[in-house]
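Enquirer: Could you build the full structure based on these sequences and the hints that come with them?
For the protein sequence lines, the chains are Y and E, in the order given.
When the letters of the first sequence are read in order and numbered with this note's numbering, they come out as residues 1 to 205.
When the letters of the second sequence are read in order and numbered with this note's numbering, they come out as residues 206 to 312.
Since the hints were derived computationally from the structure, they do not count as laboratory data.
Misleading hints may appear alongside valid ones.
Here are the simulated DSS-like cross-link-like pairs (lysine-lysine), alpha carbons at most 27 Å apart as the crow flies [said to hold, decoys possible]: (1) E:Lys220 - Y:Lys16; (2) Y:Lys99 - E:Lys245; (3) E:Lys302 - Y:Lys38; (4) Y:Lys16 - E:Lys301; (5) Y:Lys91 - E:Lys256; (6) Y:Lys79 - E:Lys301; (7) E:Lys302 - Y:Lys79; (8) Y:Lys18 - E:Lys301; (9) Y:Lys18 - E:Lys256; (10) E:Lys284 - Y:Lys79; (11) E:Lys301 - Y:Lys81; (12) E:Lys271 - Y:Lys72; (13) Y:Lys72 - E:Lys296; (14) E:Lys301 - Y:Lys200; (15) Y:Lys38 - E:Lys271; (16) E:Lys296 - Y:Lys81; (17) E:Lys224 - Y:Lys18; (18) E:Lys296 - Y:Lys79; (19) E:Lys284 - Y:Lys81; (20) E:Lys301 - Y:Lys38; (21) Y:Lys200 - E:Lys296; (22) E:Lys284 - Y:Lys72; (23) E:Lys302 - Y:Lys200; (24) Y:Lys16 - E:Lys284; (25) Y:Lys6 - E:Lys256; (26) E:Lys220 - Y:Lys200; (27) E:Lys224 - Y:Lys99; (28) Y:Lys81 - E:Lys302; (29) Y:Lys38 - E:Lys256; (30) E:Lys284 - Y:Lys6; (31) Y:Lys91 - E:Lys224; (32) Y:Lys18 - E:Lys213; (33) Y:Lys91 - E:Lys302; (34) E:Lys302 - Y:Lys99; (35) Y:Lys16 - E:Lys256; (36) E:Lys284 - E:Lys302; (37) Y:Lys6 - E:Lys271.
From a predicted model like this one, the values you see are computed outputs, not experimental measurements.
Spelled out from the first residue to the last, the chains are:
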Amino acid sequence: MSETRKFTEDILTAAKEKTQTIISEAEIETQRALDEAKAHSAREAEDLLSNARAEAEGVKRRRISEVRHRLKLQEQLEKSKILTDALEQTKTRVRDIVKDQNGYLAYLTSLVTSGAREIGLDAVVVHLNSSDLKRIDIVKFEREIAKSLEKSIKIEFSKEPIEALGGAIVSSKDGRTRIVNTLDQRIEALEPRLLIEAGKILFGE
Amino acid sequence: MSGIETVKIIVDAEKEAAKMLADARTRADDIRKRLDSLIKEQREEVLQAAKKEAEALVQNAENDGKAEAREFERDAEGKIRELTARATARKSAAIKKLVALIMETKA
Numbered sequence: 001m002s003e004t005r006k007f008t009e010d011i012l013t014a015a016k017e018k019t020q021t022i023i024s025e026a027e028i029e030t031q032r033a034l035d036e037a038k039a040h041s042a043r044e045a046e047d048l049l050s051n052a053r054a055e056a057e058g059v060k061r062r063r064i065s066e067v068r069h070r071l072k073l074q075e076q077l078e079k080s081k082i083l084t085d086a087l088e089q090t091k092t093r094v095r096d097i098v099k100d101q102n103g104y105l106a107y108l109t110s111l112v113t114s115g116a117r118e119i120g121l122d123a124v125v126v127h128l129n130s131s132d133l134k135r136i137d138i139v140k141f142e143r144e145i146a147k148s149l150e151k152s153i154k155i156e157f158s159k160e161p162i163e164a165l166g167g168a169i170v171s172s173k174d175g176r177t178r179i180v181n182t183l184d185q186r187i188e189a190l191e192p193r194l195l196i197e198a199g200k201i202l203f204g205e
Numbered sequence: 206m207s208g209i210e211t212v213k214i215i216v217d218a219e220k221e222a223a224k225m226l227a228d229a230r231t232r233a234d235d236i237r238k239r240l241d242s243l244i245k246e247q248r249e250e251v252l253q254a255a256k257k258e259a260e261a262l263v264q265n266a267e268n269d270g271k272a273e274a275r276e277f278e279r280d281a282e283g284k285i286r287e288l289t290a291r292a293t294a295r296k297s298a299a300i301k302k303l304v305a306l307i308m309e310t311k312a
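Expert: Here you go:
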């Protein structure tokens, strides 16, 4: 081989090596950038999936929670209806008892006696509803009260009827002290307890 | 071989070598130029797959939630029916107790 040919071959070999290096560097550089970009995209994808998992969990929880809430309200509504109905039926039953004079008179006597004891005066005014004022034998009633009180006090019956289901208001003569023993007042005062007791019986284990 | 011929051969070889290098640089430039679109393509592919998976996750959760909610609803409605039936059966006893509470006196 002539020296000239060897020289030109060396030039071309060196050029070939250099071209390979240039291309290889570009490829390596590109691959590295692609790998980095891929890792970055994977992190983005993972964030996206992580958000989706949280959203999915939320969607599922919300679905169940909506139904749970709706059914809890429905249960409370049912309970409330049953309690209201029981209370209404109780009032009806009380009205029936009030209509039965025999049993009611003894009860009314005890209400007036209790009121008179509580007020602690020698003279009281008893206020009744119009129905009781009409049907009750006042003389007999006064006698029953005196017997129950085991002492004699002056009882005056107000001619002005009160608006009440039953029961009585016992007041001082000047009307400044009043013991309200009407059934309406008892029902109103007892309502929270009535609801609790009814709830225990109706919905207790 | 004359001196001129020798010089010509060397000059041609250098020209060829220069062209080889220029071609290699052009190719390397092309490779680098394609990088942006490759990255974009690759990113879109990865994110598209992730979006599909995410949609499926949410859809499955929606379906699971509906199914669980239906099951819960069935159970709860059964319990409410039982509760109502039990309360109805006990209503008389409750009314009796309430009437007794209202009608009881301290006297």
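Enquirer: CA of Lys301 of chain E to CA of Lys81 of chain Y, is that 27 Å or under?
Expert: Measuring from Cα to Cα gives roughly 18 Å; hence the hint holds.
Enquirer: Is the hinted pair Lys302 of chain E and Lys99 of chain Y satisfied, with a Cα-Cα distance of at most 27 Å?
Expert: holds (19 Å)
Enquirer: Hinted pair, alpha-carbon criterion (27 Å max): Lys301 of chain E, Lys38 of chain Y. Please report holds or violated.
Expert: violated (78 Å)
Enquirer: Given the proposed pairing of Lys91 of chain Y with Lys224 of chain E, does the C-alpha separation stay at or below 27 Å?
Expert: Distance ~111 Å between Lys91 of chain Y and Lys224 of chain E Cα, so the pair is violated.
Enquirer: Does Lys18 of chain Y pair with Lys213 of chain E here, judged by a C-alpha cut-off of 27 Å?
Expert: holds (23 Å)
Enquirer: Do the alpha carbons of Lys91 of chain Y and Lys302 of chain E lie within 27 Å of each other, as the hint requires?
Expert: holds (12 Å)
Enquirer: For the pair supplied as a hint, Lys301 of chain E and Lys200 of chain Y, confirm whether the alpha-carbon distance does not exceed 27 Å.
Expert: holds (13 Å)
Enquirer: Between the alpha carbons of Lys220 of chain E and Lys200 of chain Y, is the straight-line distance 27 Å or under?
Expert: violated (106 Å)
Enquirer: If you draw a straight line from the CA of Lys284 of chain E to the CA of Lys6 of chain Y, is it 27 Å or shorter?
Expert: violated (100 Å)
Enquirer: Below or equal to 27 Å on CA atoms is what counts here, so check Lys220 of chain E against Lys16 of chain Y.
Expert: holds (13 Å)
Enquirer: For a C-alpha distance cap of 27 Å, please report whether Lys284 of chain E and Lys302 of chain E respect it.
Expert: holds (25 Å)
Enquirer: Hint check: Lys296 of chain E vs Lys79 of chain Y, CA-CA at most 27 Å. Holds or violated?
Expert: holds (12 Å)
This entry does not satisfy hints 2, 3, 4, 5, 8, 9, 15, 20, 24, 25, 26, 27, 30, 31, 35, 37, going by the numbered hints stated previously.
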